[in-house]
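Asks: The lines below spell out each chain.
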Amino acid sequence: MARSLIAVLVGLLCIAARAPAQGKPSGGRLTLAAGAVLVAERDEHASPLRYDGAGPFVRVSFETRTEQRALVVRLGGAIGTLRSAMTGADDLPRQELTRGWIDVEYARRIVARGHRTRWLLGASLAERGTVLRHLTVPAGANIVGYALYSTAIGPLVAIEATGRRSRLGAQLAVPVLALIGRPYGGLYNELTLIPGGLRFHLATVDAFQAGDVTTAYAMELTRGAELLLSYQLVVERYRDDAPLSFASQAASLGLTIRLGADR
Amino acid sequence: MKHGPAGVAAVALLAVGCTGVFVGPDPKLDRLALFEQVWTDVDRYYSLFSMKGVAWDSLHDVYAPRAAQAASDSELGDVIGAMLLELHDIHVNLAAGPQFYRYSGYDARPAFFDPGVVARYVTDRHAAPNAHSAFGHAAPDIGYVWILHFEGSGFGADIDTALAQLADVRALIIDVRDNPGGQRSNLEAVASRFTDRGRTYAFTRVRDGPRHDDLSPPEPQVLSPDGPRRFTGPVAVLTNRKSVSTAEGFVLAMRALPGVSIVGDSTEGGAGNPVTRGRAGHGPGSIEAIPVRKPNPGPKAPRVGGRAKWPSHFGRDRCLCVCTGPRPEGFTQRCSPLLCPVIRRAAPPIGCTGLTNVSLCPPGTP
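The listed protein sequences correspond, in order, to chains W and B. For the first sequence, the positions run 527 to 789 when the working numbering is used. For the second sequence, the positions run -11 to 354 when the working numbering is used.
In short, the hints are calculated from the structure, not lab data. These figures come from a predicted structure and were not determined experimentally. We put the beta carbon where it would ideally sit given N, CA and C, even for glycine. Keep in mind that the hints are not guaranteed to be accurate.
As the list claims (entries may be wrong) - FRET-style restraints, in silico, Cβ to Cβ:
no.	chain 1	residue 1	chain 2	residue 2	range
1	B	A96	W	G603	50 to 58 angstroms
2	B	V105	W	D617	38 to 46 angstroms
3	B	T111	W	D617	41 to 49 angstroms
4	W	L753	B	D202	47 to 55 angstroms
5	W	L781	B	P86	49 to 57 angstroms
6	B	A43	W	F588	57 to 65 angstroms
7	B	A152	W	L781	52 to 60 angstroms
8	B	R90	W	D616	16 to 24 angstroms
9	B	P205	W	L558	38 to 46 angstroms
10	W	L728	B	P205	22 to 30 angstroms
11	B	G186	W	I605	30 to 38 angstroms
12	W	G603	B	D202	31 to 39 angstroms
13	W	G554	B	P15	46 to 54 angstroms
14	W	L601	B	A43	50 to 58 angstroms
As the list claims (entries may be wrong) - Stretch by stretch, here's where chain W covers chain B in the computed footprint (C-beta under 8 angstroms, at least three residues):
no.	region
15	10 to 19
16	193 to 202
To be verified - Residues from chain W that keep clear of chain B, each with C-beta distances beyond 10 angstroms, as calculated:
no.	residue
17	R600
18	G780
19	I783
If we strip away everything but chain W, and leave its shape as in the complex, we get (with noise of 0.2 angstroms):
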């Protein structure tokens, strides 16, 4: 099943790439984004309760653009408190959150209605970086790291609609295939870092389920500025002995400067 989904997405991101490209050169546009994100979270290494809270993030992205295609880089990193219904009124236990994430996404126009509307299909590289520090003790020596990292891969399918001065997206992406990192008995504790590292292993859908729905709303300020108010959900179910399921709800606020002849 691994291979036949490496030859899809292979085809995809050679469909992608195949064609030349068309329509006016583009520059890139930049964009720092900060918001706030919710987050609940159960990982059976550390608990079998739920975990949920909020936190900032921020999100630096990179993207170019021409009619026929889009590339997206995106950086962000979100830290949050997470607390389940067992948490006291010492706030104990409680998870504390630390999140990493690099996106690369490839996309090339399929269908155009009118010249404002255009849908994509292409792919979508997510790497994923989660640390939960678990908290159940005041003294501190219970003190330990859950984590997971996960590379993933999979088809992604947009919608933008552009009006004059604004631009309204939305995409979906559901990875196929992934490279996990989940230590078994956590990352490390307090008092003894924890060897065997990430223990690297390769997951389709059957145990790795994900999914990232964004939509996002761009609206130009000047020549060289767009304000962005973006939303993001992202799901992610790892299948094990003790299974992981982690959900995200993203709102953001960015400002976005056009660069080169995206100007």
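Chain B: place on chain W using the hints.
Replies: Chain B alone, transformed into the frame defined by chain W:
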């Protein structure tokens, strides 16, 4: 397009309350399912089944029927607590509502520790700056350092102060009896003042798979010299059954050093790192938390004479022998009177083959 921002905001607002939906609610378990979850957790993560010779599957067969018959959460707590006590591990506890289940098998054994004896012989006792330890003279040329615990910070400063104040002594007694442990960095801060070079004093192994013998390769724990002053004279480390956890790591570190003797009863046998597990309950008073022993370790003693030796203080049927190594110079010719009451009162604990070298104290020494 003019409704674009409103659309994005609406999607975000609609979804705000739904994050948890994608993860699902906490499981609602009946009592037997709760028992199974606890049993499975320990089965997955506890690291010392093989070393302790515990047949965990058999314990399931014994306790599951009792859990099925439990008529209340309190009764279920009694069943699970009793099952966990079979591990004979002070780091395996169960908090079930107001009830707390903890292995206390060693509590009834003699502590061989009377602070009154210390007070009688160490008349110039001072507290170290951070109050983690106290020090004084057990004899004009024998210093005494009592380390109360290994929690907090400032242990390096404390031992430096003690060594500076005891600069006139020829030999040193370090007392970790009744020491409940703390953080590993603190034991290393103290022990580093007694080594002249880097020394491997223990190995840790981590439970890293579902089988009981899935353990990571041994990871060396290295002690390096530190501090402005190092004591290289004879040292006796006093232990008892209530030297626990990090205090046992300290004993491991000190026994790797030349000129150090371990004197006293076997330590508790709880040197692994604990980890706490939350537990889904199903009603008021239900089981809330179960700390299980860290998927971590068992320190392994450094190789001695080319032969790997497990620390003798690990596990209920092993114990740390008293003075089984070379006779501690400095105490053979003139024994510290502080040691004698300890050793005279010590009786071989069950299964212990130690306490053989009690010739430290000349006959008739008070």
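Asks: Look at each hint and say if it fits the structure.
Replies: Tested hints:
For A96(B) and G603(W), the hinted distance range of 50 to 58 angstroms is satisfied, since their beta carbons lie about 53 angstroms from each other. Under the hint 38 to 46 angstroms, the C-beta atoms of V105(B) and D617(W), about 43 angstroms apart, fit the expected range. Taking the beta carbon of each, T111(B) and D617(W) are about 46 angstroms apart, inside 41 to 49 angstroms as hinted. For L753(W) and D202(B), the Cβ-Cβ distance of about 53 angstroms falls inside the hinted range of 47 to 55 angstroms, so the restraint holds.
The hinted range of 49 to 57 angstroms is satisfied by L781(W) and P86(B), whose Cβ atoms lie roughly 55 angstroms apart. The hint said 57 to 65 angstroms for the Cβ distance between A43(B) and F588(W), and at roughly 59 angstroms that hint holds. About 59 angstroms separates the C-beta atoms of A152(B) and L781(W), a value consistent with the hinted range of 52 to 60 angstroms. For R90(B) and D616(W), the Cβ-Cβ distance of about 20 angstroms falls inside the hinted range of 16 to 24 angstroms, so the restraint holds.
For P205(B) and L558(W), the Cβ-Cβ distance of about 44 angstroms falls inside the hinted range of 38 to 46 angstroms, so the restraint holds. In this structure, L728(W) and P205(B) meet the distance hint of 22 to 30 angstroms, their C-beta atoms being roughly 23 angstroms apart. At roughly 36 angstroms, the beta-carbon separation of G186(B) and I605(W) lies within the given 30 to 38 angstroms, and the hint holds. Take G603(W) and D202(B): their Cβ atoms lie about 33 angstroms apart, and the range 31 to 39 angstroms holds.
A hinted range of 46 to 54 angstroms for the beta carbons of G554(W) and P15(B) is consistent with their spacing of about 48 angstroms. As the Cβ distance of L601(W) to A43(B) is approximately 51 angstroms, the hint placing it in 50 to 58 angstroms holds. Figure legend: the region 10 to 19 of chain B, annotated as covered by chain W; annotation consistent (6 residues with Cβ-Cβ distances under 8 angstroms, at least 3 required). Using a Cβ-Cβ cut-off of 8 angstroms, 6 residues of the region 193 to 202 of chain B lie near chain W, which meets the minimum of three, so the contact claim holds.
Every CB of chain B is more than 10 angstroms from the CB of R600(W) (nearest about 17 angstroms), matching its label as outside the interface. Residue placement check: G780(W) keeps its beta carbon more than 10 angstroms from all beta carbons of chain B (closest about 12 angstroms). With a minimum CB-CB distance of about 20 angstroms to chain B, I783(W) clears the 10 angstroms threshold, and the non-interface call stands.
Consistency with the previously given hints is maintained throughout, with no hint failing.
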